[in-house]
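Participant: Taken in sequence, the protein lines are chains V and B. Take 224 as the starting number for the first sequence in my numbering and just add one per residue. Take 224 as the starting number for the second sequence in my numbering and just add one per residue.
Just so you know, these hints were derived from the structure itself, not from any lab. Be aware that a few hints might be false.
One copy or any two copies: either way a pair holds, since identical chains are not told apart in the list.
[Said to hold, decoys possible] With a cut-off of at most 25 Å between alpha-carbon atoms, the simulated BS3-like pairs for lysine-lysine come out as follows:
#1 Lys369 with Lys410
#2 Lys473 with Lys410
#3 Lys273 with Lys440
#4 Lys261 with Lys235
#5 Lys440 with Lys419
#6 Lys410 with Lys440
#7 Lys419 with Lys320
Protein chains: 2
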Amino acid sequence: MEELRGKELVEKIKAECLGFVQEHHCIPTLAVLRVGEKESDIAYEQSVKKRFQGFGLEVKDYHLDANCSNEEFMKVFRFLNDDPEIHGILVFRPLPKQINEEEMLRYMKKEKDLDGITRENLAGLLLQDENAFAPCTAEAVMQLCKHFEIPLAGKEVCIIGRSLVVGKPLAILMLNQNATVTVCHSKTENIKEVCKRADVLVAAIGRAKAIGSSYCKEGATVIDVGINVDEEGNLCGDVDFDTMKTVADKLTPVPGGLGLVTTAVLAQHLVRAYQLLEEK
Amino acid sequence: MEELRGKELVEKIKAECLGFVQEHHCIPTLAVLRVGEKESDIAYEQSVKKRFQGFGLEVKDYHLDANCSNEEFMKVFRFLNDDPEIHGILVFRPLPKQINEEEMLRYMKKEKDLDGITRENLAGLLLQDENAFAPCTAEAVMQLCKHFEIPLAGKEVCIIGRSLVVGKPLAILMLNQNATVTVCHSKTENIKEVCKRADVLVAAIGRAKAIGSSYCKEGATVIDVGINVDEEGNLCGDVDFDTMKTVADKLTPVPGGLGLVTTAVLAQHLVRAYQLLEEK
Chain V
224 MEELRGKELV
234 EKIKAECLGF
244 VQEHHCIPTL
254 AVLRVGEKES
264 DIAYEQSVKK
274 RFQGFGLEVK
284 DYHLDANCSN
294 EEFMKVFRFL
304 NDDPEIHGIL
314 VFRPLPKQIN
324 EEEMLRYMKK
334 EKDLDGITRE
344 NLAGLLLQDE
354 NAFAPCTAEA
364 VMQLCKHFEI
374 PLAGKEVCII
384 GRSLVVGKPL
394 AILMLNQNAT
404 VTVCHSKTEN
414 IKEVCKRADV
424 LVAAIGRAKA
434 IGSSYCKEGA
444 TVIDVGINVD
454 EEGNLCGDVD
464 FDTMKTVADK
474 LTPVPGGLGL
484 VTTAVLAQHL
494 VRAYQLLEEK
Chain B
224 MEELRGKELV
234 EKIKAECLGF
244 VQEHHCIPTL
254 AVLRVGEKES
264 DIAYEQSVKK
274 RFQGFGLEVK
284 DYHLDANCSN
294 EEFMKVFRFL
304 NDDPEIHGIL
314 VFRPLPKQIN
324 EEEMLRYMKK
334 EKDLDGITRE
344 NLAGLLLQDE
354 NAFAPCTAEA
364 VMQLCKHFEI
374 PLAGKEVCII
384 GRSLVVGKPL
394 AILMLNQNAT
404 VTVCHSKTEN
414 IKEVCKRADV
424 LVAAIGRAKA
434 IGSSYCKEGA
444 TVIDVGINVD
454 EEGNLCGDVD
464 FDTMKTVADK
474 LTPVPGGLGL
484 VTTAVLAQHL
494 VRAYQLLEEK
């Protein structure tokens, strides 16, 4: 079994970002907007700040109280959206219920929407618009497959999970690479049988170690999108790594697999956003 | 084998449209904009005009020369888009290459975009926005399944074809109904084997009689989206009806199947557009 580790691809993306920054003498800047004090949000924010430094990029963080009004939120959001020194905005979601997410999405510049959550970028996915941003996690799966030269054209790709941030956009991206794509989910009958047909199996359901070797064909490639915490408090994926490794031919570890790549793709999008905004 | 004929569903939709028109004393009006004299466009235009009459709806047709400039085209398009007496616009595509389709799509009011080709409506599909219009053909498949009570939740649906007007939007609509969805296409390996897993097989490739019984599991439901002309000049679908009927349990005929429903869905969208524009 070959472990598909994200590190090498991340180093490649890092070098590209650093190269751009040095050549253009610029500092693409990400605004992270967090409402409330959710532990996992804070952890991710810290990790992005630390990693982006190495990429030659800046991160500015903006915090609002969990009880802030929609007006307060939109004031900050509008400021970031209009500020020419900010090139991308990452907003932690879900937002508290008093915040009008739809209003934010309508207002958001598509160039600053690095995680592809606006209507412009979602439609761009279907339209294969090369200036649109796909959600970072979905794109990270594609880049990982490309980096490790996993054949996709004509092959059976099975995606477990149909969310708007992974399952659905990834299905479209995989179709665009000529894969035969199946999306299955909690309502799928005989799900193990369906998954066992896959040459490439992608687990994106957000449940710790839920996908074991009984979901996998001998020799398949398995990509684990999940980032969960197990009973012992350790980071783990949606895949049960220990049983899966006996069946899969290639498998991403968690941590050290796709998560790393996703943050690198966010960095790549920030650099691209800088270019798109400069061209305007 | 049961033939899934569109007539009954069409009559139901027709009654709904007539009911609305009579109750609100209004005439929802569709503008059909045709550039050039393509035979199939003219035939479809005639058929929409004739059918819509029976639905209590009006169709106004606008024709431009195949050589018209983008300025001439956009002048007419803008007029229709701004005219409060026009509630929906159907533009025959592909447009001649001198016409900037992207400019038209950017300008088009989403409420008048009955066939769901604008970015707003494409994104609405992913966002499950109930005020968005899905492409009529894809929605016709869903309504036909509902009308004939074809089980979808948990079932395997296989869509042959990945176009922006049928395959991709239909995959999303089917997922929203809890189907396990596979999209296959010209690059799919072992395509017959893949299709044979389907409880519901949808053919949308635009090739006369290309899908025969060897693609179908005994007892499956087969929906034929194709509208083609065979060697003898007769209308036919993508499915080879004569062999398919020996294997499929339920099958849409061509003509008399999905095509009728698609036009009825267009009428339904026009009535909905009238409502959305009035509410504005």
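Participant: Determine for every hint whether it applies to the structure shown.
Facilitator: Checked hints:
1. Lys369 with Lys410: Between copies only: 18 Å across, 31 Å inside.
2. Lys473 with Lys410: between (27 Å within a copy, 23 Å between copies)
3. Lys273 with Lys440: Neither: 38 Å inside a chain and 54 Å across chains, both beyond 25 Å.
4. Lys261 with Lys235: neither (32 Å within a copy, 51 Å between copies)
5. Lys440 with Lys419: Close inside one copy (5 Å) and across copies (19 Å); limit 25 Å.
6. Lys410 with Lys440: Classified as both; 21 Å inside a copy, 21 Å across copies.
7. Lys419 with Lys320: Neither: 40 Å inside a copy, 46 Å across copies.
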